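Visitor: Just so we're on the same page, my numbering is the position in the sequence shown counted from 1, plus 4.
Quick caveat, the hints were computed from the structure, so don't treat them as lab data.
No experiment lies behind these values; they were computed from the predicted model shown.
Beta carbons are placed, not taken as given, at the ideal position from N, Cα and C, and that holds for glycine.
One or more of the hints may lead you astray.
Heads up, simulated DSS-like pairs for lysine-lysine below, C-alpha to C-alpha not over 30 Å straight-line [unchecked claim]:
| id | residue 1 | residue 2 |
| --- | --- | --- |
| 1 | K139 | K89 |
| 2 | K89 | K120 |
| 3 | K139 | K120 |
| 4 | K105 | K89 |
| 5 | K203 | K180 |
| 6 | K139 | K95 |
| 7 | K95 | K120 |
| 8 | K124 | K180 |
| 9 | K95 | K105 |
| 10 | K105 | K93 |
| 11 | K105 | K124 |
DEER-style ranges, computed between Cβ atoms [said to hold, decoys possible]:
| id | residue 1 | residue 2 | range |
| --- | --- | --- | --- |
| 12 | D123 | H153 | 18 to 24 Å |
| 13 | I30 | R200 | 55 to 61 Å |
| 14 | Q147 | G296 | 28 to 34 Å |
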Amino acid sequence: MATDPHLDLAALLACDVRGLGTADTIANLGRVRRLRGFLDRMEADLTLHSNNLYEQGRGAPAPDVLSRNQNVSAAEGRRRERRAKALGKTKEFGDALAEGKVSAEHADALANATAKLDDKLTDQFFERESELLAKASASTPEQFARHCHQLATRLERDEGLARNAQQRRDTRVTRKIASDGMYHLHAVFHPQLGARIWKALDDEVATLVSASDDRGVDRTQLAAAALENLVTGGHQALRPIEADVLVISDQRTIVEGIHDDSVCETDQGVPLPPETVRRLLCNGRITPVILGVDGVPLNLGRTQRLANRA
Numbered sequence: 005m006a007t008d009p010h011l012d013l014a015a016l017l018a019c020d021v022r023g024l025g026t027a028d029t030i031a032n033l034g035r036v037r038r039l040r041g042f043l044d045r046m047e048a049d050l051t052l053h054s055n056n057l058y059e060q061g062r063g064a065p066a067p068d069v070l071s072r073n074q075n076v077s078a079a080e081g082r083r084r085e086r087r088a089k090a091l092g093k094t095k096e097f098g099d100a101l102a103e104g105k106v107s108a109e110h111a112d113a114l115a116n117a118t119a120k121l122d123d124k125l126t127d128q129f130f131e132r133e134s135e136l137l138a139k140a141s142a143s144t145p146e147q148f149a150r151h152c153h154q155l156a157t158r159l160e161r162d163e164g165l166a167r168n169a170q171q172r173r174d175t176r177v178t179r180k181i182a183s184d185g186m187y188h189l190h191a192v193f194h195p196q197l198g199a200r201i202w203k204a205l206d207d208e209v210a211t212l213v214s215a216s217d218d219r220g221v222d223r224t225q226l227a228a229a230a231l232e233n234l235v236t237g238g239h240q241a242l243r244p245i246e247a248d249v250l251v252i253s254d255q256r257t258i259v260e261g262i263h264d265d266s267v268c269e270t271d272q273g274v275p276l277p278p279e280t281v282r283r284l285l286c287n288g289r290i291t292p293v294i295l296g297v298d299g300v301p302l303n304l305g306r307t308q309r310l311a312n313r314a
């Protein structure tokens, strides 16, 4: 049965903190936790209502409303909006937050884990709200965040091949010349191709930065110059046949396929199907990385001359 927030507030207002014993101190901390959860749930509901008013042309976007009226930064306003949207998809979790059984940090873990999922996978994620709530109630926010990330990763992996095939179908480049004579180029790439192009551009931009005397140079302009070099340059150094793509995966995923703790993605965190990585391994250089139990790299092959602190 939910605790009445009025009773918790009345008890806190009536207590003299300096005269409390250990048991009463712990009891009042519990009241604070429940009240904080109640307020966080109320803020989430008001945030969603703010967004509805904005869509009706009757107000400002929710992050702006939060920033101005809650005295928080714009980034914090956006974070609270993401939290509210996540809670809007799971009534059970919102009720548990209002009762102090879980915290706003647990709700943030839901929002962060689903931020990059498409609508279909997000719905599949929140279909497990009872499982998620049970896990959150028994876990710290950090532990719950890892669980949510693993669940989101599993859902993505389950649809990895279909998703990758669709991404390849969606890969395209569009061009137009504007009325002012400027050439406009827009491109959408599947993860494998995107990683190759990204890395080539980053390397060429770094070369141009090191050769420039102007340390305040606009990197977006350098990126345009880098693209010109890569596309029009005829020299092998500018257009290498061998692509440089960083892929991070565990051995078990490559050998056996997807499992609960699979890692199989580009260095930008974009998921890849194991089949794609196996093809890359046919001709790629493999650098084994040994991690400690806390995830700190203990061995980076021969890519690093000196040992790190770990």
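Visitor: Look at each hint and say if it fits the structure.
Guide: Verification of the supplied hints:
Annotation: proposed proximity of K139 to K89 holds, straight-line Cα distance about 20 Å (limit 30 Å). Taking the CA atoms of K89 and K120, the gap is near 14 Å; set against the 30 Å cutoff, the hint holds. For the suggested pair K139 and K120, the alpha carbons sit about 22 Å apart, so the restraint of at most 30 Å is met. Our distance criterion of 30 Å between C-alpha atoms is met by K105 and K89, whose separation comes to about 19 Å.
For the proposed pair K203 and K180, the alpha carbon gap of about 25 Å is at most 30 Å, so the pair holds. Restraint check for K139 and K95: the C-alpha separation of about 16 Å stays at or below 30 Å, so the hint holds. The straight-line distance between the Cα atoms of K95 and K120 is roughly 21 Å, inside the 30 Å bound, and the hint therefore holds. Simply put, K124 and K180 have alpha-carbon atoms about 33 Å apart, too far for the 30 Å limit, and the pair is violated.
In summary, the hint linking K95 to K105 is supported, as the alpha carbons are separated by about 14 Å, within the 30 Å threshold. Taking the CA atoms of K105 and K93, the gap is about 18 Å. The hint holds against a cut of 30 Å. Distance hint between K105 and K124 is fulfilled; the C-alpha atoms sit about 28 Å from each other, no more than 30 Å. Between D123 and H153, the C-beta spacing of about 19 Å keeps the proposed range 18 to 24 Å intact.
The beta-carbon spacing between I30 and R200, approximately 57 Å, falls within the hinted interval of 55 to 61 Å. Checked against the hint of 28 to 34 Å, the C-beta distance between Q147 and G296 comes to roughly 18 Å, which is inconsistent with it.
Of the numbered hints listed earlier, those contradicted by the structure are 8 and 14.
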